[in-house]
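**Q** Let's have the full structure, built from the sequences with the hints guiding it.
Chains A and B supply the protein sequences, listed in that same order. The numbering used here puts the first residue of the first sequence at 24, with every later residue one more than the last. The numbering used here puts the first residue of the second sequence at 6, with every later residue one more than the last.
Hints listed in this document are in silico derivations from the structure and should not be mistaken for laboratory results. It should be emphasised that the depicted structure is a prediction, and the values quoted were computed from it without experimental measurement. Incorrect hints may appear among the rest.
Unchecked claim - Computed list of lysine to any residue pairs in SDA-like fashion (alpha-carbon distance at most 20 Å, straight line):
hint, chain 1, residue 1, chain 2, residue 2
1, A, 124, B, 475
2, B, 176, B, 187
3, A, 92, B, 13
4, A, 124, B, 468
5, A, 204, A, 134
6, A, 204, A, 132
7, B, 51, B, 67
8, A, 275, A, 259
9, A, 92, B, 14
10, A, 124, B, 472
11, A, 234, A, 44
12, B, 59, B, 70
13, A, 92, B, 10
14, A, 234, A, 97
15, B, 176, B, 104
16, A, 92, B, 11
17, A, 92, A, 36
18, A, 323, A, 234
19, A, 92, A, 79
20, A, 124, B, 18
21, B, 243, B, 482
22, A, 234, A, 86
23, A, 323, A, 303
24, A, 92, B, 465
25, A, 92, B, 18
26, A, 275, A, 303
27, A, 124, A, 134
What the hints assert, rightly or not - One-sided and incomplete, this derived list gives chain B residues near chain A with beta-carbon spacing under 10 Å:
hint, residue
28, 302
29, 342
30, 458
31, 463
32, 469
33, 477
As the list claims (entries may be wrong) - Partial selection, computed: residues in chain A whose CB lies under 7 Å from chain B:
hint, residue
34, 81
35, 100
36, 106
37, 108
38, 112
Backbone N, C-alpha and C define an ideal beta-carbon position, used for all residues, glycine too.
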Amino acid sequence: MSGIVIEGAVRSFGTVRAVDGVNLTVGDGEFFTLLGPSGCGKTTLLRMIAGFCELDAGEIRFGARRIDKLPAHTRDIGMVFQNYAVFPNLTVAGNVAYGLKARRVAEADLARRVDEALALVQLAGYGERWPHQLSGGQLQRVAIARALVIRPQVLLFDEPLSNLDARLRVSMRAEIRELQKSLGITAIYVTHDQEEAMSVSDRIALMQSGKLEQVGAPSEIYRNPATRFAAEFMGTTNLLEARALGRDGAGKVSLRPEALRLDAEAPAGWPRIGGTVAQVEILGPITRFDVRLADGSLLKVAALDEPHRTLATGAAVMLAYDPARLTMLP
Amino acid sequence: MTLAIPHQQRLPLAIAALGFLFLGLFLLYPLFNVFGASLLDSEGEKFTFANYLKVLGRPFYRGAIVNTLTIGVAATVTTTLMSVPFAFALARLPVPGKAAILALAAMPLVLPSFVSAYAIVLLLGRAGIVTQWLNSWGIGFGSIYGAGGIVLVYTLTLYPYVLLPTMAGFKAVDVSVEEAAQSLGSSPRRTLWTVTLPIVLPSILAGGLLVFIETLENFGVPFVLAEDMPIFAVEAFKLFIGETAPNPSSAGVLGVLLILTTAAVLLVQRRYLSSRRFATGARAAPPVLQVGPVLRIAAAVYCWTVVLLALVPFFAIVVLSFMEFRGPVLHANFSLENFAILFDRSTRPLLNTLLFATAAAVAVTLVGVPIAYVVTRLRGALATVLDVVATLPFAVAGTVLAIGFVVSFNSGWLILTGGPLIMVLAYTVRKVPFAVRSSSAILHQIDSSLEEASVSLGRSPLQTFGRILVPLMLGGILSGFVLTWVTVASELSATVVLYSGQWRTLTVVMFQALESGGGGVATAAASTLIVVTLLPIALLYRLVRRYELS
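**A** Have a look at this one:
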């Protein structure tokens, strides 16, 4: 197996092109994320790979083998669903054994593999429990164990953490990443949460309106967004006319809040720009403040907390920015 | 070259094809033949509208139409007037023994309504016990034969059709809507009339239309009570039995008119209800209202009176079946004599009833559950058409369907008349809508990601259906099975057309005993039928209770 290749995938629902000519190559063992707002086509693309959604045009290959015409149950895929989809009529062990039984794994081997899979997701000893006795986080672990135990060629995650509370989301995403790396299974992960995508992925495909907006490593998309949409979706940014910063060109530029500093705290070589403080939020580790420039536009600034800094609304300030972190947008 | 059918749609499409095949052969084809019969001359050769002119030209049959519709409207009105306050009391007032009331109120739905009609005759008829007792005191009352008695029996047996959805409607009203009305200065009484009732109105109307359709199709009640008053379903049957010509053209005409009437009513209902769906999104049932002692006692008395009154006829039949009949006159000598006569003649009718009910319930489950799967999982025009066709039997009176069966399957390549299979098939077609409705209600609640999870783990769609969906639907399938079983056991309208010789059922025995005035056998058959109906229901209750406790 050498990764997943998607070529020219198209799917329309009525007049809407949910997936509009997507070309992608996912490397073997890679943790690849489809990121985008709801309705961008990321889930449709995932369901195409899983076999729950037909392609109008294009093809999907696992290595050299074309799979997009195969029935879903013969594709050898492990899928983890947003709402867990744990079978309520089976015990935890019954759920995990389900795919093994479909593959006619021998009884002795089966019990051992179920126990191993449950231990892997830290649910050892939970085999005899029923789904309704488990919490949301435990249910999602069962779903992950169930998908892993069949040793699939590809693992698919459809927003697996969005039904969990914030704290659990953070710990589970680290666990998922660790599991995937230790097992070396190619994974495709769908989420609308930019931070989650950045934390788990080797690479991200940012999608909008059925098309790929930008594909790359998380840091690359964050630091060098190719489009205005990419710049805004991958975290807070300042979108300014290039002229407002005294630069040439008619286009817009993106400047992240953390690339701006107060005059006194910045290296001498950075360009300066003056304004008045419009609003200040001290959030603990960082302080966010808005500065209104002479032309009326607002600049968002984020700085680490500094005990001796005073910022008063209405005060005049001089800012500096890192010219290397200024991204020109088309 | 393979067919370009997406693989995840192959199973639903295959089921849909089988469903259309079954319903096409055993529903659409017989109905088509009824239409055909109505449009051909009595030899079945020439196309003509003369049958319609002949039937509609006779005042007798015009009278049948007017009578049937009048009785239907009257019964719908009385049922609604009786059930809406009942439903409100159960939903919103402190009434003691609500669970018991609900269990008892559902019973008329499964008990045969013509048994109730017969009990009314035995109690209030010319030679009725109550009539004679009142006469001995010099008190007389009007005849219960004809429209009045029929409306009475319909009201007592069909009221759950309005009660149950209306109660659900009252419970689904978001109480904050009422609170909003009252905070705007509306009194509780005005709030009820201007806010609560309008929200519940679609549920009331849906129930009322069910009642109306049931009255149009009902054969047994008018057969027992109408005497010489012409009623649609009864006249269609009599015409069919009486027509000696090869083509039952006149019965066909009445059948077509009956189908068109019910279809029109159903269409009006769909049009009306589709534009009035008030989803208020209540999170919890509205609280029970605090009312004074007078209203509280009145509500309790009212609810218990209605629910018990509806069951009195059935109770009376069981008691009367142990008494001695001399002609139409009853004597208080209690014995098992009536049952001895009934079963000495033959136990076959009882066995046939059990056999047919079981076979039909199995068949309905095997046909209805897969169709429900297609209707809920396969969106699009095909699923809609299948849904409509599978709902169609609901609009077809049993008598009419049975006439279609006889016309279609008494010659040619598929001959079924005279055997038991034709009865089971007719029952199956008649009850399929109920199985489809109840199963698709459950399927809507089962998230399709469960099926996708199973498929992604390597089970084919067919295996997934058997291993995941069927276990999850089991409770609903089981109660649908019992409901089908019970209603088939007391089916009369299709049975009287289709039975033959040794394949008589309990309902036929009762029907024949009524015709020949054999009150003893009729009551014995009726109370046997009541036991046969209630036993599986009681078992189901116990099973459900145990399942819920574990």
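**Q** Which hint numbers doesn't this structure obey?
**A** Per hint list: 5, 6, 7, 14, 18, 20, 21, 22, 26, 28, 29 and 34 violated.
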